[in-house]
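S.K.: These protein sequence lines are chains L and U, in that order.
Counting in this note's numbering, the first sequence runs from 1 upward without gaps.
Counting in this note's numbering, the second sequence runs from 1001 upward without gaps.
Calculated from the structure, these hints are not laboratory results.
Glycine is no exception: its CB is placed at the ideal position from the N, C-alpha and C atoms.
Treat the hints with care, as some may be off.
Rough simulated footprint, nothing fancy, chain U against chain L, three-plus residues with beta-carbon under 8 Å [to be verified]:
1) 42–50
2) 105–112
Just a sample of chain L residues kept apart from chain U, beta carbon distances all over 10 Å, derived [said to hold, decoys possible]:
3) A2
4) V4
5) R11
6) K14
7) T15
8) Q17
9) A24
10) G58
11) E59
12) D62
13) Y64
14) L69
15) G77
16) S80
17) S84
18) A92
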Amino acid sequence: NAGVTQTPKFRVLKTGQSMTLLCAQDMNHEYMYWYRQDPGMGLRLIHYSVGEGTTAKGEVPDGYNVSRLKKQNFLLGLESAAPSQTSVYFCASTLGDRGRGNQPQHFGDGTRLSIL
Amino acid sequence: LAKTTQPISMDSYEGQEVNITCSHNNIATNDYITWYQQFPSQGPRFIIQGYKTKVTNEVASLFIPADRKSSTLSLPRVSLSDTAVYYCLLRPLWGALTFGSGTRLQVQP
Chain L
1 NAGVTQTPKF RVLKTGQSMT LLCAQDMNHE YMYWYRQDPG MGLRLIHYSV GEGTTAKGEV
61 PDGYNVSRLK KQNFLLGLES AAPSQTSVYF CASTLGDRGR GNQPQHFGDG TRLSIL
Chain U
1001 LAKTTQPISM DSYEGQEVNI TCSHNNIATN DYITWYQQFP SQGPRFIIQG YKTKVTNEVA
1061 SLFIPADRKS STLSLPRVSL SDTAVYYCLL RPLWGALTFG SGTRLQVQP
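Build out the structure end to end from the sequences listed, making use of the hints.
M.R.: So, in structure tokens, the structure goes:
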């Protein structure tokens, strides 16, 4: 049972390049989230999904797109990377509304992205 | 905008009990109070969650007064490995979390 797996773990991009970050969970969770964390700060929500085929904007969605074509995967895309998007990106998942009383979010170990 | 307020940092020594208090004056009826721990270069890790009164698990206790406007995370007998950032969060109905800057706990020998 791997939990939440993020790939890649590290990446350096040039301004204007595009890339996709992959998040995979093997816990049959309904809800998935993408956060970013800048140095010395807490995590900020970029986008989230409450089920396969659905996505919604979070606190800082500009410059990012997401897709949830399969329940176990949540993809985060940067169409034209900017230096301001240099950050650590965390994916998380949780069971969903059925079990909201006792179900915490499970986080991956992050993707460190540097944009030059 | 963070909905919780907690100390920026705390220092302790090995073997001591550490209590981190969090205020959340505008907590909603459906919000659960959730605490996470984060080590450098790792994702946040769930510690404990509660709605009211007291919750205890194998690593911590969470005390919540009747008005739910604050909560206290209690870590018994901390060790060096408990040095981390601790986040107090309110967990709404659909589960997305709003992180503040957390409390940096430094445990010394």
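S.K.: Take the hints in turn and mark each one as holding or not.
M.R.: Verification of the hints:
1. 42–50: holds (count 6)
2. 105–112: holds (count 6)
3. A2: Check passes; 13 Å lies beyond 10 Å.
4. V4: 8 Å, violated
5. R11: 15 Å, holds
6. K14: Since the minimum Cβ distance to chain U is about 24 Å, L/K14 lies beyond 10 Å and the statement holds.
7. T15: Non-interface label on L/T15 holds, nearest chain U Cβ at 25 Å vs cutoff 10 Å.
8. Q17: Nearest chain U Cβ is 24 Å from L/Q17, so the label holds.
9. A24: 14 Å, holds
10. G58: 7 Å, violated
11. E59: 8 Å, violated
12. D62: 17 Å, holds
13. Y64: Check passes; 15 Å lies beyond 10 Å.
14. L69: Label holds. Min Cβ-Cβ 21 Å, cutoff 10 Å.
15. G77: 20 Å, holds
16. S80: 26 Å, holds
17. S84: L/S84 clear of chain U: closest Cβ-Cβ about 19 Å, beyond 10 Å.
18. A92: 7 Å, violated
Hint check: violations occur at hints 4, 10, 11 and 18; the rest are consistent with the structure.
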